[in-house]
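Number of protein chains: 2
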Amino acid sequence: MLIVPVISAVMRILILGGDGYLGWPTAMRFSDRGHDVTIVDNFARRRWHLDQSTDSLVPISSLQDRLDAWERVSGRRIEARVGCIEDGEFLDKVVADFLPEAVIHYGEQPSAPYSMRSRQTAVETQQTNVIGTLNLLFSMREHVPDAHLIKLGTMGEYGTPNIDIEEGYIEIEHNGRKDTLPFPKLPASLYHASKVHDSTNIHFASRVWGLRATDLNQGVVYGIETDETALDPALATRFDYDETFGTVLNRFCVQAVIGHPLTVYGAGGQTRGYLNIRDTLRCVELATLNPADRGEFRVFNQFTEQFTVSELAELVQRCAGEVGYQVAIESFPNPRVELESHYYNPKHQKLLDLGLEPHPLGEELVRSVLSTIERHRDRVIQRAITPRTKWNPGELEGGALSAAQKA
Amino acid sequence: MLIVPVISAVMRILILGGDGYLGWPTAMRFSDRGHDVTIVDNFARRRWHLDQSTDSLVPISSLQDRLDAWERVSGRRIEARVGCIEDGEFLDKVVADFLPEAVIHYGEQPSAPYSMRSRQTAVETQQTNVIGTLNLLFSMREHVPDAHLIKLGTMGEYGTPNIDIEEGYIEIEHNGRKDTLPFPKLPASLYHASKVHDSTNIHFASRVWGLRATDLNQGVVYGIETDETALDPALATRFDYDETFGTVLNRFCVQAVIGHPLTVYGAGGQTRGYLNIRDTLRCVELATLNPADRGEFRVFNQFTEQFTVSELAELVQRCAGEVGYQVAIESFPNPRVELESHYYNPKHQKLLDLGLEPHPLGEELVRSVLSTIERHRDRVIQRAITPRTKWNPGELEGGALSAAQKA
Chain A
11 MLIVPVISAV MRILILGGDG YLGWPTAMRF SDRGHDVTIV DNFARRRWHL
61 DQSTDSLVPI SSLQDRLDAW ERVSGRRIEA RVGCIEDGEF LDKVVADFLP
111 EAVIHYGEQP SAPYSMRSRQ TAVETQQTNV IGTLNLLFSM REHVPDAHLI
161 KLGTMGEYGT PNIDIEEGYI EIEHNGRKDT LPFPKLPASL YHASKVHDST
211 NIHFASRVWG LRATDLNQGV VYGIETDETA LDPALATRFD YDETFGTVLN
261 RFCVQAVIGH PLTVYGAGGQ TRGYLNIRDT LRCVELATLN PADRGEFRVF
311 NQFTEQFTVS ELAELVQRCA GEVGYQVAIE SFPNPRVELE SHYYNPKHQK
361 LLDLGLEPHP LGEELVRSVL STIERHRDRV IQRAITPRTK WNPGELEGGA
411 LSAAQKA
Chain G
11 MLIVPVISAV MRILILGGDG YLGWPTAMRF SDRGHDVTIV DNFARRRWHL
61 DQSTDSLVPI SSLQDRLDAW ERVSGRRIEA RVGCIEDGEF LDKVVADFLP
111 EAVIHYGEQP SAPYSMRSRQ TAVETQQTNV IGTLNLLFSM REHVPDAHLI
161 KLGTMGEYGT PNIDIEEGYI EIEHNGRKDT LPFPKLPASL YHASKVHDST
211 NIHFASRVWG LRATDLNQGV VYGIETDETA LDPALATRFD YDETFGTVLN
261 RFCVQAVIGH PLTVYGAGGQ TRGYLNIRDT LRCVELATLN PADRGEFRVF
311 NQFTEQFTVS ELAELVQRCA GEVGYQVAIE SFPNPRVELE SHYYNPKHQK
361 LLDLGLEPHP LGEELVRSVL STIERHRDRV IQRAITPRTK WNPGELEGGA
411 LSAAQKA
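Those protein sequence lines, which keep their order, are chains A and G.
Just so you know, my numbering puts the end of the first sequence at 417, numbered straight through with nothing missing.
Just so you know, my numbering puts the end of the second sequence at 417, numbered straight through with nothing missing.
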């Protein structure tokens, strides 16, 4: 390890959403490094899957089995508290009891399609995300004002403006005067809007209360294997491929294995930032070991490469073909309201400066994902793959993106 | 009237928060002009006053008495629906039944100090405001996608950046490319942050669903008399002077009459936009009669003049002196975290372009407010005047405004 930690070698780390796709591998990573880790989860993701009769493609253990397996394999214990962070009394007690030095916050509803499904799911998304984070800010102010909040944001907060996207702030010269201000946001869904709200609230807490915070505006994560998940099947993290929680690379790989055409939405020129789950863990680790200053709200754009949707489809088609799956690419009517061809140049330098060494996306990774899917092919639920949630269900007149967004 | 209405002369207008300080006079104004007005209120403001044992200085009638008095005086009926807009089922039924052509949305928790008092009041503020507005957007999409939302925002969303504040959007040139993007926001409290969240959500609904919306980023309103409230004491609107709901000019006038020094927070150089309640009504009328286009999220900065806090204190001191109240001006330790001296140049041209003719703040208005207070002097609750809510109660280290905000 090349890191020179600037803080105590062993930290008390609280991970919200620690039973999730990224939360669980993150918990094991910090535990493995000797930190004192407590996770909080309310099993929201598992319940949302129950509600829609879908599941992770890779079987995952119950939280208790995971914790026990981790202790068996590593000799270390991760503590868990089950509850909702929307419940301010519950969260406050967790923070007051554990007195974390760092809080890593994955504990949110993370799906754009889920947030667009109905009034109820939109309200649930914004309430869960905004109120949970607000509760956390107050508990940190009250009990651990010197602790560092590492919050998972998303690149989707920015949208696709026609200028270079900076990391959180932009210097604006206007009518002969200058200021450095929050980078303007054009969130891509009501889920992404909830993350914009979080950013505004956390920035406020840093400016006014002096909290330390790092907002990690993450791109789309792919892959499921980390050093720790590979140690034992009972330590596996989830692999979602359904229209609600699955992301594009995962979905393409599943489609390839089951012989379903790769469904590119619209023109396929939508460009986004991507990163390997191994790089997510490293980014979170780098942010945690190099905390923000008191009163600082630091924003890192957390991705390593950018691709168009068509480029990903072509990569998966090629890799699948090499292992015997001939699969077509088909344009699917875009259920989202988004530009299908646009300028995109987001900066992502700050995590590299801290020491991130990216794992680029290559055929080896795709082949490994395809092979994982093959092993669990009998678990694929076909019904879950076709997107059904439309961003503008009534196809209302005028419901296009504003002129301001069209380059 | 100089307006050339571009829409049907008689409209169905839904006013959320129609029992409030601005909502009630707005309801009477549109009713007087012959529109079909329904108001929604849950009496939140009256309940918050009950909770803190304060009240409007001017006695106000119950909602039912107001409605009856208005019918007696004007011959016109305003309909009322009592309920919470956070209750999505309730609001959806109101919208589906009434099918408004315009929705004027005052139905939010409007106090910055209230939002900063505790975790509970912060959560209540963001939940009430954000979820209420989100419910409304879905109901409009479902039942009245062509209706026009006129939403009360606040100038406090912008904070005090070191550049000119534009009306909602700013053209940014960056690394040789250009785009027009939402003006960056630095909200001044968690209440102001809730309004930033609303703006983000409404902009999304316009971009993606094609809704028509106008965000009125309002300055601080003063005055209590409009053409309609003056018709009968039973039609009076509320006059708040307590630390939670009272705004600065009202509070200074009450302090002058009861012989309390005028409490200027800190250096007194805080500059804000102000407007007369008569101009609020006119601005809302102008926005309603000239609706936004489909898919347009229009932002107007709604104020007529700007003053420092010290300038207002001196104005009140002078006017009060002329009518026999000698009162001192005292610097009070600032309970807020804000710059006490800063650049401030917000644009406010768009409502002038639509025909607004401002009522500037003058001695006559102040003397009229002083005279109203004299009549109700026995109702002044002294305890309610001193500010007790601190923005940074622990005075945490680092809890100043970021360097980016310091000119």
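Hints are computed from structural coordinates only; laboratory data are not their basis.
These figures come from a predicted structure and were not determined experimentally.
Misleading hints may appear alongside valid ones.
You can't tell identical chains apart in this list, so a pair holds if it fits in one copy or across any two.
[Said to hold, decoys possible] Here are the simulated BS3-like pairs of lysine-lysine, each with C-alpha atoms no more than 30 Å apart in a straight line:
id, residue 1, residue 2
1, Lys357, Lys188
2, Lys103, Lys360
3, Lys103, Lys400
4, Lys103, Lys188
5, Lys103, Lys357
6, Lys360, Lys400
7, Lys360, Lys188
Hint check results:
no.	hint	verdict
1	Lys357 to Lys188	both (21 Å within a copy, 17 Å between copies)
2	Lys103 to Lys360	neither (34 Å within a copy, 50 Å between copies)
3	Lys103 to Lys400	between (40 Å within a copy, 24 Å between copies)
4	Lys103 to Lys188	neither (44 Å within a copy, 48 Å between copies)
5	Lys103 to Lys357	neither (39 Å within a copy, 46 Å between copies)
6	Lys360 to Lys400	neither (35 Å within a copy, 35 Å between copies)
7	Lys360 to Lys188	both (23 Å within a copy, 24 Å between copies)
In terms of the numbered hints stated before, the structure departs from hints 2, 4, 5 and 6, listed from lowest to highest.
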